[in-house]
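> Sequence order for the protein chains is A and B. Using this note's numbering, read the first sequence as starting at 174 and increasing by one per residue. Using this note's numbering, read the second sequence as starting at 864 and increasing by one per residue.
These aren't lab readings, by the way, just hints derived from the structure by calculation. Among the clues, some could well be false.
Below, computed lysine-lysine pairings styled on DSS-like, alpha-carbon distance capped at 27 Å [said to hold, decoys possible]:
# : chain 1 : residue 1 : chain 2 : residue 2
1 : B       : K920      : A       : K431
2 : A       : K366      : A       : K431
3 : A       : K434      : B       : K904
4 : A       : K476      : B       : K998
If you only want the chain B side, here are some residues facing chain A, beta carbon under 7 Å, derived [what the hints assert, rightly or not]:
#  : residue
5  : K920
6  : I926
7  : P930
8  : S932
9  : F934
10 : A955
11 : N963
Computed from a prediction, not measured in an experiment: that's the story for all the values here. In this text, a Cβ means the ideal position worked out from N, Cα and C, and glycines have one as well.
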Amino acid sequence: MRKAVIIGVGAVPVGEHWRTSLRDMAVEALLNAMEDAGVDRVDSLYVGNMASGSFIEQENLGALIADFAGLGNIPAVKIEAACASGGAAVQEGVKAVMSGLEDVVAVIGVEKMTDAWATDATRYLGYAADGEYELFHGASFVALNALVMRYYMKEYGYTEEDLAHFSVNAHANGAKNPYAMFKRPIKLETVLKSPYIADPIKLFDASPVCDGAAAVIITTEEKAREFVDKAKMVEVAGIGRAIDTINLANREDLLTLKAAKVAAERAYKMAGITVKDIDLFEIHDAFTIMAALSLEAIGAAEKGKGAQLAVEGQIAIDGDYPIQTLGGLKSRGHPVGATGVYQTIEAVWQLREEAPNQVPDPEVALTQNIGGTGSNITINILRRV
Amino acid sequence: MGRPMQVARYWRHFKEKYRMVGTKCKECGEIYFPPRQVCPKCGSREMEDVQLSGKGKVLSWTIVRNPPSGFEYFRPYPLALIELEEGPIVLAQLTDVDENQIDFGMEVEMVTRKIREFEGDGLILYGYKFRPPIKP
Numbered sequence: 174m175r176k177a178v179i180i181g182v183g184a185v186p187v188g189e190h191w192r193t194s195l196r197d198m199a200v201e202a203l204l205n206a207m208e209d210a211g212v213d214r215v216d217s218l219y220v221g222n223m224a225s226g227s228f229i230e231q232e233n234l235g236a237l238i239a240d241f242a243g244l245g246n247i248p249a250v251k252i253e254a255a256c257a258s259g260g261a262a263v264q265e266g267v268k269a270v271m272s273g274l275e276d277v278v279a280v281i282g283v284e285k286m287t288d289a290w291a292t293d294a295t296r297y298l299g300y301a302a303d304g305e306y307e308l309f310h311g312a313s314f315v316a317l318n319a320l321v322m323r324y325y326m327k328e329y330g331y332t333e334e335d336l337a338h339f340s341v342n343a344h345a346n347g348a349k350n351p352y353a354m355f356k357r358p359i360k361l362e363t364v365l366k367s368p369y370i371a372d373p374i375k376l377f378d379a380s381p382v383c384d385g386a387a388a389v390i391i392t393t394e395e396k397a398r399e400f401v402d403k404a405k406m407v408e409v410a411g412i413g414r415a416i417d418t419i420n421l422a423n424r425e426d427l428l429t430l431k432a433a434k435v436a437a438e439r440a441y442k443m444a445g446i447t448v449k450d451i452d453l454f455e456i457h458d459a460f461t462i463m464a465a466l467s468l469e470a471i472g473a474a475e476k477g478k479g480a481q482l483a484v485e486g487q488i489a490i491d492g493d494y495p496i497q498t499l500g501g502l503k504s505r506g507h508p509v510g511a512t513g514v515y516q517t518i519e520a521v522w523q524l525r526e527e528a529p530n531q532v533p534d535p536e537v538a539l540t541q542n543i544g545g546t547g548s549n550i551t552i553n554i555l556r557r558v
Numbered sequence: 864m865g866r867p868m869q870v871a872r873y874w875r876h877f878k879e880k881y882r883m884v885g886t887k888c889k890e891c892g893e894i895y896f897p898p899r900q901v902c903p904k905c906g907s908r909e910m911e912d913v914q915l916s917g918k919g920k921v922l923s924w925t926i927v928r929n930p931p932s933g934f935e936y937f938r939p940y941p942l943a944l945i946e947l948e949e950g951p952i953v954l955a956q957l958t959d960v961d962e963n964q965i966d967f968g969m970e971v972e973m974v975t976r977k978i979r980e981f982e983g984d985g986l987i988l989y990g991y992k993f994r995p996p997i998k999p
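If we strip away everything but chain A, and leave its shape as in the complex, we get (with noise of 0.2 Å):
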């Protein structure tokens, strides 16, 4: 199979972008990353985007962003995989250039949340999760995620500082990222005198309701020497994605991101390379402990440890394992069908070395998207070329 080669990619900055829509921070997105990429037209388009139906009252997606971006009778659809269908598009992306379909196509995640009233967005992200079982019984998405985060610090010993720290990490990590939401450095204190939003969940171990756009132009190895230098070139080496009980209550194990393991597993396995390998990991951290369980599912903890990883400071920037380098969906926000795509721009930038917040001389990348409390996950390893 041929390779899949990331040559250019684009965003606008994540925030409350009151003056702009959904389809003008779509297309500034998608000219961006295809200026960078030297590229005039592509062959496709595939949209990461979790639910503009409800948030902004439009579907067709596809058709929208291709046509306002003026890329003419393309090939042009959304895939969702809720919170994770940024990365699930870029994995389609991925699936078309390798399997000789496409040549060059472009992968965009939006997401335009601050349209809606709050508790309608509270609402509308509860449809990711299983509507007549959890949603229907009063369960917002952070309720769900204190439900696991209580349950592991009674297993574990931990306390809410403990995991507190994975916060201040994508703060200081983030302060750097020209493109994050929250461009400020926190402390512990203040994650731990924030106010509760859903016990043991405060206010700073949430990441934001916010709105973003992303895209990345994917190409071949070869075609990708036309327009590019090898030092733009970014190998997608592996990608694994799996699905686990949408209703929470019925996971084998509460703690255990079982979708997260196998799809680490397949992409390490496409890869070629082991948790050892990577030199930094973007990962889901919409709440601090989706940090933790995701370090220990794809291999960078042993379960139980994650958190463990945090609060002996292995996950910052100069650490064994660099988390949210460039600020995590904590700091740089959760836009969330476009979280996928932003950190897959912010593996590249590591890569290519012109990050804000540069890891030294990193070879390898990984990015972890979730979709629910973990019911669908894209893991991507990219490398250099």
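We have chain A already, so just place chain B on it with the hints.
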């Protein structure tokens, strides 16, 4: 926001929501809630209804302070994972309980309560919640 759809959408779940009926795999004996047509454990499609006792213990809990739209009236409310006597875990609100009294392993029993209502349309949704058992 949140206008109810057809009454049938809620009414069709009366067995699970009002009586806590789950399914049991005829092949391997595993019990599930909510009901399933296929046993994920052994792959069998031979499933039968099973009446659950509605008794269980709190496995984990939270207090929902920023609820999804439609639940504002109840906030803040406790939400829990309850491990039923028969094995399955179910997510539900706790009711008739002081939030400071909730703890790991607390015994609870199922009751039927109002889940939410819709302004203007008059439709009221009922379902299970759990409370500390009333001692005889």
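> When the hints from earlier in the document are held up against this structure, which numbers fail?
2, 4, 5 and 11
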